Amino acid sequence: MNKQVTKQMVNIEINGKKLQVPQGTMVIEAADSAGMTIPRFCYHRKLSVAANCRMCLVDIEKMPKPVPACATPVTDGMKVLTHSAKALDAQKGVMEFLLINHPLDCPVCDQGGECDLQDTSMGFGLDRGRYHEPKRVLRDKDIGPLIATEMTRCIHCTRCVRFGQEIAGIMELGATGRGEHMRIGTYVERAVNSEMSGNVIDLCPVGALTSKPYRFHGRAWENIPIDSIAAHDCIGSNIHIEVRRNKVMRVLPRENNGINECWLSDRDRFSYTALDSDDRLTQPMIKQGDDWKAVDWPTALNYAVEGLKTVINKYDARHLGALVSPSSTLEEMYLLQKLMRGLGCDNIEHRLRQQDFSSDTASGAYPVLGLPVAELENLNAALLIGACIRKDQPIAAHRLRKAALKGANIMAINALDYDFNFPLAEMLVVSPADMLRSLAAICKVLMEEISSSEMPDGLSAILAAVEVNGTHRAIAHHLKSAEKAAVLIGTQAMSQNELAGIRALAGLIAESTNASLGSLSEGANALGAWLAGAVPHQGPGGATVENDKTAVLAKHLMACVLLNVEPELDCANASAAHDVVRHAEFVISMTSYMSENMKASADVLLPIAPFAETSGTLVNGAGDWQSFNGSCTPPGEARPGWKVLRVLGNLFELDGFEYLSSDEVRDELKVRCEGLELSPSGPWRCPSLDSGDGGLQRIGHLPMYAVDMLVRRAQPLQDTRDAIVAAIYLNAATAKRTGVANEDNVQAVQGSCSVSLPLVIDESIPDACVMIPVALEETSALGAAYGVIDLCK
Amino acid sequence: MMAQQKKTQSKRGLISEASKAEIDRWIAKYPPQQKRSAVMAALRIVQDQNKGHLSNDLKDAVAEYLDMPPIAVYEVATFYSMYELEAVGKHKICVCTNISCMLRGSDEIVAHLHKRLGIGLGETTRDGRITLKEVECLGACVEAPMFQIADQYHGNLTPEVVDEILDGLD
Ligand code: SF4
Ligand code: FES
Ligand code: FES
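Same order as they appear, the protein sequences are chains A and B. Going letter by letter, the first sequence gives residues 1 to 793 in this note's numbering. Going letter by letter, the second sequence gives residues 1 to 170 in this note's numbering.
Heads up, none of these hints are tricks.
In silico lysine-lysine, DSS-like type, Cα no more than 27 Å apart, as pairs:
| # | chain 1 | residue 1 | chain 2 | residue 2 |
| --- | --- | --- | --- | --- |
| 1 | A | Lys62 | A | Lys86 |
| 2 | A | Lys406 | B | Lys35 |
| 3 | A | Lys406 | A | Lys484 |
| 4 | A | Lys599 | A | Lys293 |
| 5 | A | Lys141 | B | Lys11 |
| 6 | A | Lys402 | B | Lys35 |
| 7 | A | Lys643 | A | Lys247 |
| 8 | A | Lys736 | B | Lys11 |
| 9 | A | Lys135 | B | Lys133 |
| 10 | A | Lys309 | A | Lys293 |
| 11 | B | Lys20 | B | Lys51 |
Just so you know, the hints here were simulated from the structure itself, not pulled from any lab data. Quick caveat: nothing in here was measured; it's all calculated off a predicted structure.
Working from the sequences, and respecting the hints, build out all of it.
Next up, the structure:
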């Protein structure tokens, strides 16, 4: 659209100060931009104007009555007085009315100290009440584990309602009743279910909606806000970690218009609740026989070094392997790979949920977004492939939603009928086995119908057999005709067996429509991991390394270093990964938490600090290097991972482990990454399109609140409805065909693995597919996230 | 997705075929993307179908039928006083007590109704026949005091006139 049209500027005067502002600006925005405060409750710059609280009344020359600054556009020559007797009188009057029904419970109200009503009443309220009649009282409703309600305090500004309609895209809160009976709520007892719901806590100007996990834990003025970066998705939302006496009290969004604006997803907001989970590891431990013994750091580190040396001597260094969480910091990843490579092995991997590594033969295939985060909202068309974007990258979904509402054609090809909170132009739900076929069909339209361009090797042969339907055509045309388009490969597609093929065809689609190609990668630092060299086939800064191109987890590893990884929950093939680790002779687990499985398979547990307690850097999909400091010191003996790795490097007497700060680590890597081309596409290899033997296909959906160690232990998030229950989900027809329709519990079998799970009939699952979520305890004995599966009674 | 979210049972079936046909007539009056504009009519229609009141399930059914979030339907249903959220009697007597009617003796009418029926405003007789409802000005001040039963206005009420009307109800 033509954003280029410069708006006409008008001259106005606020409190005698002359300003030039664009036509159409509201008086309140003009005042804000000049640093003059007008009191307000309902106005919020990211929401529509409701003008219902009337707190912002100002005095405008030639207007007989005070007018709301939030709903009055400027006109040339306008003279505004925000503090005249008339304005003050009006503001005081409104304040008194707002306080009529508001309880005087500030001492027990969580909002106290950061309450707009409290602050404004200090400035505009009377020092005594003149209202002696009974106040309105409302009963609270339970709206879920994240938001506490105290609706008697509500002043009906409707910010929370507008947030639902305009930002979250699902209206869950509303204003029912009218006049003095009006109330805000869900009307029927119902949990609010948006993945962005926590933002209403920030929006609510009073203490009606507050954070449930933080409730009664502290006062805003006691907390020290520390700048940090959220560590659960590839967007890298900016946050404030609020700390009191070395304890993380809560997490709030930090405004960054290029990334998360003023919003934050619930996952990023509430994951901190896992920091003091009972199973935090606070002491180095070593295994003695079957017992675990808490030891001091030197003992544990020496034990670890000896263990690795023994394996190297007995086999060789190529029998070592390291698995690192894709949400680890850049520094941890860089040092871990430096350590491994220093010892003589390239077996380091962060792509734990990926199964197809066939494009590792060439460089490229970086998990970049392909455009800045903020640009997502300026797209005219986008094709999402295997992306549950709303749950996996809520902020990216919000940006795309804005694009969609401006008329962009957002389209999706998914293995599941994911919910979108914006209109989709086209949507295909296909079995994972048919994903390539669908992409090929779009290619066919583009290459044969729209332009007859030269086809890459082997493509015309496979396209001959591909059938094209109207949806394929529409997708191709929308992408082709868009001025700015993007093809995005989602987190869910990245675990599919055909990833290289998907990427090849997606790349072709992007290329022939002039769209950008990108990924919505898993974890918070997948791109950082590539840059740091936490992949077996590339060193830091894309350096080429000679290796045998076998996937790390497919190797016979004799010693294993894990960095914040629970293999049975964090890997695409849970049981295979678990086996690799179990069969290794020596396992070092650098971890923030411990678990029974870890105790069973590891030999040394080294307590390291999770994101809030360490300094480090995360690189988001858009390539922004965002560094942060630790917000508090880790509990007990736990230490930042980069320091532990530095000492390990020293103990092995490797060169180049003399860093004094994590910044030095980052800067060293930064130099190595200079000028690096981050190509999103992999090598062209024509995919084959046989969709298997027609057996059942597993869809190993990754639930949003199971993505990493920390989130899995955040109880409030686990209590939401987005915490998907472990079960076997399939549609009625498929259940009938497999003869399990009448069972309550069904055995899912993948090769030699099997588990028994409850059966849930869900018509949104495509035919011949079975959805069994990954990353859950109950499904961790199963095999590959995607691939064939059998069901039996 | 999915299991937990989409699979709430469909309630569309609660709307009778006749009501659906009538709602469709209203939907047709608005542009296709704005079928939610028919929400007020739809609520009235299903209220009539349901012996004069709206259950939560019916509100959900309307939400589903018009592609609206349920809460948006609840907002409308609770805003307008002519939607009944609780069961009402077979006859709903809406007594105006606003200024003109009050000046012309609506208090007396209310007292008389109370005496005859044994119920106050906002209550329903034990046998479920009659509900008394207090309403604001119905725009019939010329005939104050007045009340409304079904689609009928009854004006210039006196206790005698009231008795006559009550006796005439089935
Ligand atoms: S709950 Fe808070 S945000 Fe919502 S209307 Fe009330 S005061 Fe406003
Ligand atoms: S801020 Fe202007 S009316 Fe509420
Ligand atoms: S006041 Fe009763 S009809 Fe107008």
